[in-house]
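Can you make the complete structure from the sequences, with help from the hints?
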Amino acid sequence: MEKILDKQRLDDWIAALTDWEAFAPAVEDGVWAFRPVVGAARLDHPNTKQPPKGFAFPQREVFFSFEQIKGEAPRLTQKLPDSKHRVVFGVRPCDARGTVRMDRVFADHVDDVYYQSRRNNMAYVGLACNKPPSAHCFCLSVGGSPVSSDGLDVLMTDLGDRYFLAAITETGKSLMTTAGDLLKMPAAADRKQAASVHAEAVAQPQRAINNPDGAPARLKASFKSPLWEELAQACIGCGICTFLCPTCHCFDINDEVTGSAPLKGNRVRTWDNCQFPDFTMHTSGHNPRPTVGARLRQRVCHKFQYFHENFGMHQCTGCGRCISDCPVGIDIVHVVNKVTEHAG
Amino acid sequence: MSEEEQAYEPKIVAFLCKWCSSAGSDLAGVSRIQYPANATPITVPCSGSISPLYILSAFNKGADGVLLSGCHIGDCHYIEGNYLARRKIYLIKELLEMVGVEPDRFRMSWVSAAEGAKYAQVVKDFVADLKPLGPQNKLKADRT
Amino acid sequence: MTKKRTGVFVCHCGNNIAATVDVARVAKEMSAEETVVYSQDYVYMCSDPGQNAVIQAIKDNQLDSVVVSCCSPSLHEKTFRDNATRAGISGFTCEIANIREQCAWVHKDRDVGTEKAIKISRSAVRRAGRNQSLEPIAVPVTRRVMVIGGGIAGIQASLDMANAGLEVLLVEKQATLGGHMLQLSETFPTLDCSQCILSPKMVEVSRHPKITVMTYCEVQEVSGSVGNFKAKILKKPTFVDPEKCKICDDCTQVCPVVVPNEYELGLTARRAIYIPYAQAIPASYTLDEDACLGLNPIRCGKCKDVCEAEAINYDMRPETVVEEVGAIVVATGFDLYGQENLGEYGYGKVEDVLDGLQFERLCSASGATSGHVLRPSDHKVPKDVVFIQCAGSRDPAQHCAYCSKICCMYTAKHASLYKHHVPDGRAYVFYIDIRSGGKGYEEFVQRTMEEDGAIYLRGRVSKLYRHNDKIKVLGTDTLTGQNVEIDADMVVLALAMQPSKGTADAAKVLKIGRDKDGFLAEAHPKLKPVESVTAGIFLAGAAQGPKDIPETVAQAGAAAAKVIALLSQATLSHAPTVARVRRSHCTGCEMCVTACPYHAIRLENGKAVVNEVLCEGCGSCTATCLRAAIEVKNATQMQVFEMIEACLA
Amino acid sequence: MIDVQSIRDAARDLLAKGEVRAVIGYQRGSRGMLAEPVTITDPEQADELVWDATCFHNLALYLVEDRKALAHAQRTPNLPIAIVAKGCDARAIVVLMQEHYFKREDVYIIGVSCEGGGVLVEYKLARLLNGAQALSAVIDGAELVVTTLAGEVRLPASEVMADRCLECREPFPKEHNVVFGEDQTSRQLVAPFTALARFEALSEADRWAYWCRQFERCIRCFACRSVCPMCYCDECVVDSITFPVAPETTAEEKANRIRWIERSAVRSENITYHMTRAMHLAGRCIDCGECERVCPVNIPLRLLNNKMEREAREHFGYEPGASIGGPSLVASFRDDDPGQFIR
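Chains as they are written, first to last, in our numbering: chain A, 1 to 344; chain B, 345 to 488; chain C, 489 to 1137; chain D, 1138 to 1480.
There may be inaccurate statements among the hints.
[Said to hold, decoys possible] When the alpha-carbon atoms are kept at most 30 angstroms apart in a straight line, the in silico DSSO-like pairs for lysine-lysine are as follows:
1) A:Lys7 with A:Lys84
2) C:Lys1014 with B:Lys362
3) D:Lys1240 with C:Lys999
4) D:Lys1154 with D:Lys1311
The hints are simulated quantities; they were obtained by calculation from the structure and are not laboratory data.
Here you go:
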């Protein structure tokens, strides 16, 4: 299904989605984030500071609450997420491809009920990148594209005064159907313009990983490379790269105790981060990844080797956030290129 | 004062130094001076031993007000613990106000072992000042 | 960690607690606590049956910690800690929840009171749940004392302690004992001769079998702590063997070097080899190395040649000895306020402007003028003498803010003595107030004014200068509002007392605090006036603050009594609730070292180390440390954290 | 204007003569014009060093990292390590030495004066360049010289400089072994604490609304503390696991870390974290502003630290980073410290 939406009517479409809570990029104190749509939604954002991964995988998730009266067995109460439908507008193709990877992780071997129940109620309406939103975009070298529809329910393309909409999934179709008359059938010229915009977008210069297909094998051969420490030299061990990543999904589980007579509290999942020095800390005091180099290697190899071995795809969608926001200039494109060049 | 304010009972954590303020509160007891029960005392060796984290933690755990009390300047059992406290506590007080926590949520006093009536008054005043502010939700952890 | 087994005992205190607090409910609520295995209430927990119940419950239930919810810990903490000890567990595992003074007695509403009592008790349970079993720290003691300073304070303290059987080491920087009191002519208010009352004490000290006198010695370094100090003492060479010296005075007759005599405050001269004064203790000469021509027979050698007793030995060298002592008394005394600071009174520039001590020497029978008051410039009898009080005292803007306390009295004494010496002379006293608190003091001042006829002028001297052979003194009498102009023959300044240089040195060596004026700081201004902040170091005399002789002697006695009490035990017992360092977390930033009021923490190999004997457990270090690397045992941050939680649950 | 070659020559000499074991400096990275931290050990590498208006980083952090690595390897080197240090960086080094983190002789400070300028802020520059891509940016006196594809542009430095640099009171590294550039400490661009004063003029409700928004945004990536040279603790008090484990660390210690805050990135925990951090930096923060720069969600952390700095300065006469030997702010006191707030 393909349609045309007058830019002026975007808000009307959102308003028509009465069964959905709608989110769109908004800027607060210079930070772009997906926020509930209040008033007019504008899709003129570069990219949001954080990808939309938190909708299905929030930074904090309560699994269950517990209470134990002294001498009795503990009582657990599961806390499943609400069943509200949420739709996110303005998702960039790279982030949508991140969602595909998250879906694989949280459905592999076991279904993560918390992730699944949130994810099943989500819809992503994407916006093709006519121009790269960041100087560090490299989606093309990791199998993506600025106009990719992978992971989206609807892909929108900016045609100037109107959007070209393509339904990707059944959910997407129903979102578009709900709009009724707001959406017009595209004319041939619209289709032609969309196609040319897409072609131009793909032709935009981007940074590149030189040999993405060869990366898994080459990284495997470079496990002991001295380059890791050299390239990580400036790393300060913060969590920016992974907390802003659309595919990083490591977490920690904690009991947040709120009272002790009776003992009660919540079991909570929070994001964790392989770049934190304590991530792999053992109780014994031994840390198998004691250095910045070991931790950078983990991040890079997880994305370009281990994940590939498990799922047949890179766990990186080329959004470039980890590059542009790194406080000390650690650049995953540079790292992968440098290590793979010197492999073996 | 509205009825709502009347009914609301602020929860106060009161850090009292062992030598002066805790003894002062004992004297209030011996003198049978009645004062509101909102403040639960925690006796510490010295006001100088109170880490700013104690104050933040009390607010985090849901205290509506935090009271600190030590020996008057010059009377510290440990000579200069209260001087160290005065400087540190000044800084945390400024910081709390800076982020917009109502200044009346946090109070420090010097109460000597002979000032039972003063201790009672400090608590009375604090409770009266806290009531109009209502529950403290700014720093309180939402544990749901 | 195995879980604690805590017992909770809630006291009714008759109706004192039970009237406001539902004690049974408190006991029941406490039994729901994770660590509580036993909980009861009882009408009088502190009664014999109550105490026995605690002991029995500890034994029957294998309790390892106890909470008693009752009255203030100031009343019965010791009682119940002793019970815990009697029952075989550490007394330091016992906590008191004060639900009487801090709860039942100050609230009327039973529900409210009960709720608060539960919070207080729960808080104590949490704290007890993390108490360590601690035993008091036992420290063996050295039953020896070092007294620094051989003035009247040091002499008195030494005698008192030696008479109590303690071995005393009396260290004096000068060549003789006696200090400033030795320089005084008479003492107020009785006008008895200073040397006559001091000399017998000096002799007693020198002959006392328990006292070792070390004159011409300086303490260079002190390490260790209460009960076990090590002092490094420098023995300066006197080049005269006191055992051999016969005090014949032949040596001074031949010595060619003349230098000002310190003992006479420069009013007279002495030789390079000298005895400070005739009755010096030890009775021996000292060769002033700095003044001597060279300690070398080629250079001079006259004294050695003439000494028949062969007491003079040019080869003596400085020597350092290390002495072990259990306690230290600091009696390093005072100096007069720096004369150079008082340019406005012409001191040092205008002849015949003297300080109080110089005037003492002028009056003294053993002084340069053999007890005749003669002015130094021309040895004439001064007929008009102006005494200026508060010279440097009570002047926060330019000099010392404090009152030197004794100057009103000694100026009265000076005026009185002067009139006794020169009955037809006129004594003028400029004063701000007369402070004459003390037995017989006010009467003495009155006698000086009325019987001796000293002229007291309330006001300050604005200016003085030499005018022909007189000193022109300009001032104001604020009582009459008149300007006063006096042509004086001599001016005596009642200079402020300030801590001696030796006091500053001692404070540095001993690492004890000084107050803003430089006097030694006492551990507590009211309750510990003779203790320094460092355990085992005591203060006596004017080093701690301006005081007169009787006060000095009293304080010396008090310091001695404290030392006697301290060293009467074979071992010292110290509370074990002291700071502990988590070495893994300590980065050696030294903040705790700076913050500790007791100098109980030092850095060793880049990590903080606590001297448990010096630590008083105040917790200043805990609150200062940024990384929770130092905590007071049984008052840890974890305990406070849980208590906060208990208060807000 | 400092000739970068002089810094390179100094670094090369030090390494070639064996006077230092490494030089911590700035190099050009792979991300366009931005400088990034580098540690060089080979004199040949000296030519890679750069000095320009993108040398944001407070390199003192790497002295800390170096110390940690040495401690981990149980090595005591016999040569100092050299570091390129701006005024703020040098103050940080002073605080570290005040806290005995290393000794003066362990560090060779190659001071660089910021002269009339400071470091730039990327978004300010981008706004002025109107889409043109900057290839390099150097401060020359009161101007920023930017090279773009279209040629050289000169911009007023004050319009692109970081707030911290505009408010800087000491753009010259007083503590140094060698120093390049003029001492222009007396320059007055913007009065110190201007941003703070502006913020403090807000009402209590507005202040809270502001911080509430900021702290709700925090994702607890801990970049602020990771980038801070003063946050050198092996284990932060707000972390709930025992990180430095020594042979004497008991199981109880490991199991019973105080959880002052939870790992959940929610407002209450975030605010407790940031306030604790501000308290722990009181008297230690030298206003390099790195925490604010690196924050991915733009929390104005400098305000908190500035607040503590100004209070310490005005009420306790305390200047962080002024003296190696002085006592720390919270470990000391003065008789006349303010006490009017105490009842």
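Worksheet item: When the hints from earlier in the document are held up against this structure, which numbers fail?
Response: Of the numbered hints given earlier, the structure breaks none, since each of them holds.
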